[in-house]
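Colleague: Counting in my numbering, the sequence shown runs from 23 upward without gaps.
Read the hints as simulated data drawn from the structure, not as lab findings. Since this is a predicted model, take the numbers as computed values, not measurements. Certain hints may be false.
[Unchecked claim] As a list, the in silico BS3-like pairs of lysine-lysine whose alpha-carbon atoms are at most 25 Å apart: (1) Lys35 to Lys107; (2) Lys107 to Lys176; (3) Lys35 to Lys80; (4) Lys140 to Lys176; (5) Lys140 to Lys107; (6) Lys80 to Lys140; (7) Lys140 to Lys36.
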Amino acid sequence: MVKFIESELVLLKKEIDEMWTLVYNQLDRAGDAVLTLDRELAQQVLVRERRVNAFELKIDSDVEDIIALYNPVAIDLRFVLAMLKINTNLERLGDFAEGIARFALNCHEPALDTELVKQLRLEEMIAQVLSMLELAKQALQEESQELATAVFAKDNMLDEINADATAILADYISRHPESALSCLNLVSVFRKLERSGDHITNIAEEIVFFIDAKVLKHSGRTDEHYLMIRNKQNFRIISVFHGK
Numbered sequence: 023m024v025k026f027i028e029s030e031l032v033l034l035k036k037e038i039d040e041m042w043t044l045v046y047n048q049l050d051r052a053g054d055a056v057l058t059l060d061r062e063l064a065q066q067v068l069v070r071e072r073r074v075n076a077f078e079l080k081i082d083s084d085v086e087d088i089i090a091l092y093n094p095v096a097i098d099l100r101f102v103l104a105m106l107k108i109n110t111n112l113e114r115l116g117d118f119a120e121g122i123a124r125f126a127l128n129c130h131e132p133a134l135d136t137e138l139v140k141q142l143r144l145e146e147m148i149a150q151v152l153s154m155l156e157l158a159k160q161a162l163q164e165e166s167q168e169l170a171t172a173v174f175a176k177d178n179m180l181d182e183i184n185a186d187a188t189a190i191l192a193d194y195i196s197r198h199p200e201s202a203l204s205c206l207n208l209v210s211v212f213r214k215l216e217r218s219g220d221h222i223t224n225i226a227e228e229i230v231f232f233i234d235a236k237v238l239k240h241s242g243r244t245d246e247h248y249l250m251i252r253n254k255q256n257f258r259i260i261s262v263f264h265g266k
């Protein structure tokens, strides 16, 4: 039984890794599509979103099978539940990539004002999101709590850039009213990038939970009361999978 569950967990980790790569490429392409207003590239992101959704369903099904057939405990159970929640967050990142790409499809400007893009730090924000996602992936591969917690500090930059964007765009609209619609739509891009950072932070929290059974959500530290609630939630998840 132990040998069988080990092989299943290896396969599950491989699937998550493939899902991760797919979502990373989606965000990378979406970011490039926004910066260059490349509609063909944006369309590729929309088409490949179906693969992200299909991957999520496949991984969810495999997690259900592992819990139902092998009834994992201790670190194996933490790993399976972490993969389930990481899978959900990766799918949401895929949704954000699609939404970001739609900006390029709907934008009627021939090109974005390069000075405005520089002032908004848009390229820097996109690079930071990708860096966070890559760091979180490395943390899972190496099972490193230090790398996982390093993701949290990177999220602060996204919050800062997003907070500054609205005022910068409002000022630009006052001077270039003909670009008002594009600027308003650009606000949504910044919001999606900021939310992407939140979901990557969620992923990092799940990695810490898997490695060290520490719950960092909300409090930024282990909280015994919250851990008790988390265990009850996990029990309910297992009960659903077993049809109880």
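Colleague: Let me make sure I understand: some of the numbered hints might not hold for this structure. Which ones are they, in numerical order?
Modeller: 5, 6, 7
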